Amino acid sequence: MSRKQTKATPPAAARGRPAQAAPPGSALLKCMLLTQLTEERLVRLYHQGRISGGVYISRGQEAIGAATAAAGGPDDLYAPLIRDMSVHIGRGEPVLDIFRHCLGRVTGPMKGRDGNVHYGCLARGVYPMISHLGAMLPVVTGAVMARRRQGRPAVGFAYLGDGATSTGDFHEAVNFAAVFDVPVIFVIENNQFAYSTPITRQFRCRNLADRAVGYGIEGLAADGNEAVDLYRLVRGLVDQLRVRPRPVLLVCDTMRMRGHGAHDDFSYVPRDLLERFTARDPLDLARARLIADGALTAAEVARLEQVCQAEVDAACQQALAEPPPDPATLTEGVYAAG
Amino acid sequence: MPLAETTLVEAINQGLRRLLRERPEVVLFGEDIGAFGGAFKATLGLQQEFGEARVFDTPICESAIFGAAIGMATQGLRPIVELQFVDFGMTAVHQLLNNAGTMHYRTGVAVPMTVRAPCGGGICGGPFHSEELEAFFCHMPGVKVVYPAFPADARALLVSAALDPNPVIFLENKYLYRHVKEWLPADWEPIPLGVAQVCRPGSDAVVLTYGAMVHEALRAAEQVEQEGAGTVMVLDLRTLKPLDADAVLAAVAATNRVLIVHEGWRTGGFGAELAALVAERAFHLLDAPVVRLTAPDVPVPFAPELERAYRPGADTIHAALLELLDY
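Line by line, the protein sequences give chains A and B. Numbering-wise (my numbering), the first sequence opens with residue 1 and increments by one. Numbering-wise (my numbering), the second sequence opens with residue 1 and increments by one.
Treat the hints with care, as some may be off.
Claimed, not checked - Partial selection, computed: residues in chain A whose CB lies under 7 Å from chain B:
hint : residue
1    : M110
2    : D114
3    : L122
4    : I130
5    : P138
6    : V140
7    : A143
8    : A173
9    : N175
10   : G333
11   : G338
Think of the hints as simulated: they come from the structure by calculation, not from any bench. Please read these numbers as outputs of a predicted model, since none were measured by experiment. We put the CB at the ideal spot given by N, CA and C, even for glycine.
All chains should be modelled from the sequences, with the hints used to inform the complete structure.
This is the structure we're talking about:
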């Protein structure tokens, strides 16, 4: 069987090495908090007219990025998508750079040449997404092939939503990775809607993890809102892939708790679906879990929230004060010199 | 130095072999390019010589091929991928336009990849194996476009294309693969991108062209001169982007009459860009209106009779030159 349930079958590597697999609980929560607070501030800036274009947030999906980002090693490569700010933060992107980027500041990682969800840092192995869904999947696959050729046993994390599973690039990339045994975890965030289109109009299979059978690879279905469990699962998976390289489909069930973007009232989403996932808010689950496990006290959680809020406030203020790009630089850097 | 008679496709093979030998970061991949040697045998013997790790076959997946090349190029490799036919690249052109072509502008990270693409008609390939798509590629920011017409240029420009830190579309006219031969030495120097070449001198008109049409233009110019109608310069652009505008303008200044020839479609074709360049910067030098001779805006037809009518050739170039010289 190619499809496994998270709780029924924890990977052998995770079982065998509990010390290594222990989740950095407060780090996961901090990553999710920074994501949520940064996005809240970005939405406010957008409604104040201080951010051009649009703002696209991940509310409800923070656990997937936080857990998968924490599960990778320093050489691993990531291609996060639209609702993966927690991947960026988890892989070391300063919140300050996110504000700079979304405000189109010249000090930002893309220097104002790109905006909103399109950013990354190749020096840290995080690829900046383009808007064409599925297009980053072969890129991270090729990047992992190159890195492994150089003797660095990298694993790749390629993110997509339920909608992108309908694209040709998804098929091409997964099949390509399968044929060449490239260790890429295709993290499918099934958040129930692609913009306004529900998953019933996106695919016919029972679970997207079942697609793995057709590629001759393993497919896993996981709860995308349980950060700690997801971290354990993925940490074990990464250990396995380093030893025996191969791609895996990892389908994380979750829910986009806001509109597609800050402009979207998401009135098309059934209220009962939102209620069901409100009861499974990934931050609430993580807080409760960490307190119940004794990893953090309620007071420590409150303190962590204050620290994160202060970091977001300071970053926002600093980025707002920084300059936009100089229009005279418009045509610079289209080509690499040499 | 002994010379060897070399076809254009053999010259491509020599360029690839040199790159594989001298540059350990070079990898080749694509459809049927391994042991089989490629649909046109451009990679013949390379997998046998350099191994499967460096020359390998892929599934049929142009977007994954381009995408993987982008990923490799941003991690220290120098991929050279082969499209079996340029026509098939259009299923995946978004990777070149949006990923490869924007990467350096957005991130400052270079994408040193080369896409080799057999193109053009003249072999009765029909609508989907004969397309001439340089205008699409030239329209993309961040991408360079090279189109050699001679074996010596092909191998020397291919080395420069592969060593360039940017995405390069390297167009190989499949009619020329085996229809054009040169006696070449075993050693050669790379030719820089962006430098056109006068392949025939002349003072009464210039043909601005590239690819297979260079050879048709040379035949037409020879005939015009033999008929005493004038001397015709033929300028082989060799690189379309970046375009050697100085060479174009110098040719216009030397001849004052301009015929632009390409086998791609007329509307929005590369000839329109050339005509605009001449109009903007050399209008005062013209003794006659700029003339374009191109394929019509129709799909590439299959039947030989139709394809001959579709594609410019020495006869139609000759007629266009006589009319231009008579203006």
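Outcome of the hint check:
no. : hint : result
1   : M110 : holds, 5 Å
2   : D114 : holds, 5 Å
3   : L122 : holds, 5 Å
4   : I130 : holds, 5 Å
5   : P138 : holds, 3 Å
6   : V140 : holds, 6 Å
7   : A143 : holds, 3 Å
8   : A173 : holds, 5 Å
9   : N175 : holds, 6 Å
10  : G333 : holds, 5 Å
11  : G338 : holds, 4 Å
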